[in-house]
Amino acid sequence: MSRTLFFVLGVLSVFVVALGCGTDTSTSPVVPDELGRCADFEPLRKPLWGDTHIHTNLSLDANLQGTRTSQEDAYAFAQGAPIALQPYDADGTPTRMAQMDPPLDFVMLSDHAEFLGTIRTCLDSDSPAYENPTCEQYRDALEFDAPPAEVRTTFVQLNLLLAAQPDNAQYPALCGPENVYCLEAGMDVWAEIVDAAEAVYDRTDSCQFTAFAGYEWSGVPGAKNLHRNVMFKNESVTDLPYGYFDEPYVEGLWARLLQECIDAGNGCDVVTIPHNTNISDGIYFENKMANGEPFTAEYVAARNAMEPVIEIYQHKGASECLPGETISDELCGFEIIPFSDIAATNLEIISPPDPTGFLRYAYGEGMKFEASLGTNPFQYGITAATDTHVSAPGFAAEDDFKGHGGAGQPNRYLPPPQGFPDIEYLSPGGLTAVWAEENARTAIFSAIRRKETFGTSGPRIVVRMFGGWEYPNDLCNAADLVEQGYAGGVPMGGTLDPQPGSSAPTFVVSAKQDATSVPLQRIQIVKGWLDGDAYEVRVYDDIDGDSENGASVDLDTCAPQGEGFGDLCSVWRDPDFDPGQRAYYYARVIENPTCRWTTHQCVEADYDCENPTTEMDADCCDPTTGLNVDFCDAVDCSDTNSPPPVPADAQCCKPRVEPVIQERAWTSPIWYQPPS
Amino acid sequence: MLRPLLHFFLIGALLFTGRVVFQGRGGDPPEITVQMSAEATEAQVEKEIRNQILLNEARRYGWYHTDPIVFTHLIRNMRFIEPDSTDDDLTLFKRALEMKMQEHDPVVRARLLYRAREALAHVPKDRMPTRDDLEQHRVAHQDRFEREGKLRFEHVFLSGTKRGEALASDAVAMRTQLADLGDAAPQGLGDPLPGLRAVQSSTASEIKANYGEELSVVVGEGVIGSWRGPVPSVYGVHFVRVLEKEPSSVPALTLIEAEVRANLLSEVRRELSRERMEALREAYVVHVERVP
Numbered sequence: 001m002s003r004t005l006f007f008v009l010g011v012l013s014v015f016v017v018a019l020g021c022g023t024d025t026s027t028s029p030v031v032p033d034e035l036g037r038c039a040d041f042e043p044l045r046k047p048l049w050g051d052t053h054i055h056t057n058l059s060l061d062a063n064l065q066g067t068r069t070s071q072e073d074a075y076a077f078a079q080g081a082p083i084a085l086q087p088y089d090a091d092g093t094p095t096r097m098a099q100m101d102p103p104l105d106f107v108m109l110s111d112h113a114e115f116l117g118t119i120r121t122c123l124d125s126d127s128p129a130y131e132n133p134t135c136e137q138y139r140d141a142l143e144f145d146a147p148p149a150e151v152r153t154t155f156v157q158l159n160l161l162l163a164a165q166p167d168n169a170q171y172p173a174l175c176g177p178e179n180v181y182c183l184e185a186g187m188d189v190w191a192e193i194v195d196a197a198e199a200v201y202d203r204t205d206s207c208q209f210t211a212f213a214g215y216e217w218s219g220v221p222g223a224k225n226l227h228r229n230v231m232f233k234n235e236s237v238t239d240l241p242y243g244y245f246d247e248p249y250v251e252g253l254w255a256r257l258l259q260e261c262i263d264a265g266n267g268c269d270v271v272t273i274p275h276n277t278n279i280s281d282g283i284y285f286e287n288k289m290a291n292g293e294p295f296t297a298e299y300v301a302a303r304n305a306m307e308p309v310i311e312i313y314q315h316k317g318a319s320e321c322l323p324g325e326t327i328s329d330e331l332c333g334f335e336i337i338p339f340s341d342i343a344a345t346n347l348e349i350i351s352p353p354d355p356t357g358f359l360r361y362a363y364g365e366g367m368k369f370e371a372s373l374g375t376n377p378f379q380y381g382i383t384a385a386t387d388t389h390v391s392a393p394g395f396a397a398e399d400d401f402k403g404h405g406g407a408g409q410p411n412r413y414l415p416p417p418q419g420f421p422d423i424e425y426l427s428p429g430g431l432t433a434v435w436a437e438e439n440a441r442t443a444i445f446s447a448i449r450r451k452e453t454f455g456t457s458g459p460r461i462v463v464r465m466f467g468g469w470e471y472p473n474d475l476c477n478a479a480d481l482v483e484q485g486y487a488g489g490v491p492m493g494g495t496l497d498p499q500p501g502s503s504a505p506t507f508v509v510s511a512k513q514d515a516t517s518v519p520l521q522r523i524q525i526v527k528g529w530l531d532g533d534a535y536e537v538r539v540y541d542d543i544d545g546d547s548e549n550g551a552s553v554d555l556d557t558c559a560p561q562g563e564g565f566g567d568l569c570s571v572w573r574d575p576d577f578d579p580g581q582r583a584y585y586y587a588r589v590i591e592n593p594t595c596r597w598t599t600h601q602c603v604e605a606d607y608d609c610e611n612p613t614t615e616m617d618a619d620c621c622d623p624t625t626g627l628n629v630d631f632c633d634a635v636d637c638s639d640t641n642s643p644p645p646v647p648a649d650a651q652c653c654k655p656r657v658e659p660v661i662q663e664r665a666w667t668s669p670i671w672y673q674p675p676s
Numbered sequence: 001m002l003r004p005l006l007h008f009f010l011i012g013a014l015l016f017t018g019r020v021v022f023q024g025r026g027g028d029p030p031e032i033t034v035q036m037s038a039e040a041t042e043a044q045v046e047k048e049i050r051n052q053i054l055l056n057e058a059r060r061y062g063w064y065h066t067d068p069i070v071f072t073h074l075i076r077n078m079r080f081i082e083p084d085s086t087d088d089d090l091t092l093f094k095r096a097l098e099m100k101m102q103e104h105d106p107v108v109r110a111r112l113l114y115r116a117r118e119a120l121a122h123v124p125k126d127r128m129p130t131r132d133d134l135e136q137h138r139v140a141h142q143d144r145f146e147r148e149g150k151l152r153f154e155h156v157f158l159s160g161t162k163r164g165e166a167l168a169s170d171a172v173a174m175r176t177q178l179a180d181l182g183d184a185a186p187q188g189l190g191d192p193l194p195g196l197r198a199v200q201s202s203t204a205s206e207i208k209a210n211y212g213e214e215l216s217v218v219v220g221e222g223v224i225g226s227w228r229g230p231v232p233s234v235y236g237v238h239f240v241r242v243l244e245k246e247p248s249s250v251p252a253l254t255l256i257e258a259e260v261r262a263n264l265l266s267e268v269r270r271e272l273s274r275e276r277m278e279a280l281r282e283a284y285v286v287h288v289e290r291v292p
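Keeping their order, the protein sequence lines are chains Y and R.
Just so you know, our numbering puts 269 at position 269 of the first sequence, and the rest follows in order with no gaps.
Just so you know, our numbering puts 171 at position 171 of the second sequence, and the rest follows in order with no gaps.
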């Protein structure tokens with residue numbers, strides 16, 4: 001460990017300068033030289049849809065849950081092909097399929113780095129570790145009818161290594177002296193991952209699909225989630241996918257990526273994307289470096305440069321804000337999972353999440369660090385993703401949810417799920433959109449670096465936001481809104497400098513509904529600012545649209561009811577602006593109400609709550625189902641003759657989650673920096 | 001997919017091929033008897049026949065004895081039924097075979113069927129595609145590699161939200177205004193909409209995803225040079241003028257070599273599987289016993 005820390009300290013001293021050079025901070029639509037290879041090049045940028053968080057059978061948790069589909073299958077699914085879903089029958093025939101329309105524009109597959117080499121080692125009969133008991137146990141667990149308890153044990157024994165404290169993080173013992181077996185195997189797998197992305201990346205001028213090489217760094221010390229997805233700009237990558245066992249501190253990961261990628265002089269570039277800060281038990285934004293000391297100026301600069309965006313929402317819930325924290329914000333209740341860390345999520349142990357693990361807290365702390373250390377380490381742009389563990393990128397529809405596995409319900413065993421296909425607290429996840437000149441790696445990666453991104457909870461709501469000082473009040477009526485937006489200010493993700501003589505910053509937010517979803521209801525702007533040392537937040541509601549539009553949903557049919565808006569646009573000037581206060585502003589675009597996925601399932605199953613007769617899922621004693629914990633508490637699993645006294649329709653008739661949601665889009669913020 | 005499996009499959013494929021050739025030279029044909037229920041359909045019977053042939057081949061090549069997953073699975077079974085046994089793994093394994101445990105175990109069956117199918121699909125070196133093969137495949141199956149054609153068009157939009165009840169009359173006025181433009185560009189006309197561009201190049205699929213089916217159909221008709229509309233969508237109404245049609249095209253091999261290679265190999269594997277399976281099916285003497 002001391003070796004790692006020494007290494008980290010050594011490279012952090014040059015980190016800031018190097019990253020500063022590599023960062024695309026431009027906010028005007030100037031066309032860099034390397035862009036322009038696509039026929040549909042658009043200098044004013046267009047929205048492209050993607051998913052940057054997907055697991056396939058290369059991930060330990062996915063393949064033990066019965067995911068057999070490969071990276072190639074995932075890429076095909078993202079482009080519109082059907083994909084097989086578990087459970088499979090004895091002949092290897094899948095019992096379920098999934099398909100998505102429209103396809104995605106770009107994808108980064110992010111299989112867990114830590115066990116890529118271990119899995120390959122255990123399946124390679126030429127490996128010296130092949131006969132290792134752990135490998136034998138793992139191979140047994142992959143068998144068609146391996147008992148669920150044995151699979152669970154195998155998974156926990158291996159995966160528990162990720163929950164070790166950083167100083168104790170280590171490869172499985174089977175990896176041999178200096179972990180050489182797994183390191184070598186891991187290099188092979190990583191090379192295949194990069195090749196797979198290359199094979200599907202459309203290098204013609206049609207530019208129909210873009211794939212990025214990447215992986216997930218999966219450290220969860222003490223079960224507190226610190227995961228990051230590592231996304232490379234192009235085919236120039238590091239030799240190894242550095243995981244938690246290689247670099248147990250994120251500073252170590254950044255240092256590796258800096259030295260072996262960004263500083264390598266071969267065109268390599270890379271970012272790390274945090275996610276699920278909601279289940280970090282409050283440590284994700286903790287003011288503590290690897291050596292236990294508070295942040296330094298070098299650290300905050302490194303974090304700012306290395307982590308331009310964050311995943312605000314995915315399968316394991318939203319990380320935006322907690323209801324009741326900071327201010328009253330009713331829309332903070334969206335997809336909050338009631339778990340404090342990853343273990344509680346896996347085991348469904350209800351435990352209140354820590355509000356300091358949420359983005360709204362981080363935005364405030366970030367501005368404080370900026371004031372004291374010169375750089376905001378939490379100046380995150382916004383993305384969203386699925387975190388699917390069934391190789392289904394972008395499969396985020398509420399009305400066709402088939403479960404994502406991972407921390408959710410595995411669905412490995414026959415028969416196919418008779419009730420909910422996932423733990424009811426979890427959800428289908430969301431999508432990332434970028435404003436980029438073309439569907440190609442350089443353009444998309446640059447958009448992520450400059451944070452001209454937004455996330456949605458699934459629907460393809462398109463939102464654009466600019467901040468400036470002199471936008472006209474009728475900008476929403478101007479056909480050249482975008483040209484004026486760039487010329488007079490910065491897009492989402494940018495930073496506004498002080499403007500002497502101007503009264504207050506002005507923001508233009510325009511949005512359009514997903515053509516296949518329900519209309520929009522309203523646009524909000526969320527503002528946070530520092531008043532001295534005090535962090536304040538305010539939500540400006542209905543800057544366009546109408547929160548009282550009366551829209552609703554018929555819970556018997558899931559049919560949406562009431563009117564809404566196909567598009568919304570507003571020019572909004574901050575009425576409370578103080579030029580001496582640091583601030584950020586982001587927009588939330590809210591859809592009319594729709595059924596949550598759980599409600600869709602119940603409607604399709606046609607449950608009669610007045611006369612419950614159908615058993616939805618009574619298998620309380622199967623540890624792989626993870627369902628119905630409340631009434632399962634009363635079940636004696638040691639008494640196999642006693643069927644669980646589960647109410648037939650408990651999940652549908654006594655739902656533990658909100659039956660109705662309001663899907664949404666979140667823009668990256670625009671920050672304001674006062675004069676120094 | 002995995003090195004050890006490939007190793008086994010390579011050997012298996014060679015053995016399969018050799019056996020079929022050998023049988024073709026007049027050796028005693030192998031026989032199997034398949035028991036099926038009286039209600040089974042012909043398709044179910046044929047499926048089971050083919051599975052039994054593959055399992056018999058696996059048996060003939062000794063995969064029951066050599067497959068590592070079968071080995072560990074049978075030992076685990078034996079340790080379950082003989083928890084107090086102090087015998088070593090090999091002894092237990094032999095005893096499992098003596099008990100014919102492998103004949104009825106679903107895991108062993110699934111494993112060997114999987115391995116046999118992979119062996120059937122193994123691509124020998126002399127069938128690996130050359131660059132010429134790839135080019136021929138690209139040309140012969142252009143539909144698989146085709147990039148959807150694009151249409152470059154001008155786009156004027158009127159927002160239903162902004163214009164409300166005036167939308168219909170505004171649309172009539174806009175139609176007249178556009179007709180009067182002649183060839184001039186509709187500079188500054190219409191309302192903005194995120195992602196909408198005055199001139200854009202898109203596929204019909206992209207237009208459908210962004211604006212709905214109706215606009216996709218109108219633009220997709222590709223009538224060049226005249227304004228079409230108003231076309232309704234969930235956003236309001238649209239007017240479009242197609243400027244240029246770029247037909248669908250098949251990229252050069254250098255640009256899509258990896259894609260073509262993957263597609264061809266998949267086809268070769270399917271063909272090899274079919275050929276080898278048919279050869280085996282022909283070589284076998286099969287007896288079907290219908291049981292109640």
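Please note that a few of the clues may not be correct.
Chain Y is faced by these chain R residues, among others (derived, beta-carbon under 8 Å) [what the hints assert, rightly or not]:
#: 1; residue: 76
#: 2; residue: 110
#: 3; residue: 113
#: 4; residue: 147
#: 5; residue: 160
#: 6; residue: 164
#: 7; residue: 167
#: 8; residue: 168
#: 9; residue: 210
Keep in mind that the hints were calculated from the coordinates and are not lab data.
These figures come from a predicted structure and were not determined experimentally.
Here a beta-carbon is modelled for each residue, glycine too, at the ideal position from N, C-alpha and C.
We went through each hint and held it up to the structure:
1. 76: 6 Å, holds
2. 110: 5 Å, holds
3. 113: Holds, because the Cβ-Cβ distance from residue 113/R to chain Y comes to roughly 7 Å (cut-off 8 Å).
4. 147: 4 Å, holds
5. 160: Holds: closest Cβ of chain Y sits about 5 Å from residue 160/R, inside 8 Å.
6. 164: 11 Å, violated
7. 167: Violated - the Cβ of residue 167/R stays beyond 8 Å from chain Y, reaching only about 11 Å at its closest.
8. 168: 15 Å, violated
9. 210: Holds - the Cβ of residue 210/R comes within 8 Å of chain Y, reaching about 6 Å at its closest.
Checked against the numbered hints given earlier, this structure breaks hints 6, 7, 8; the rest are met.
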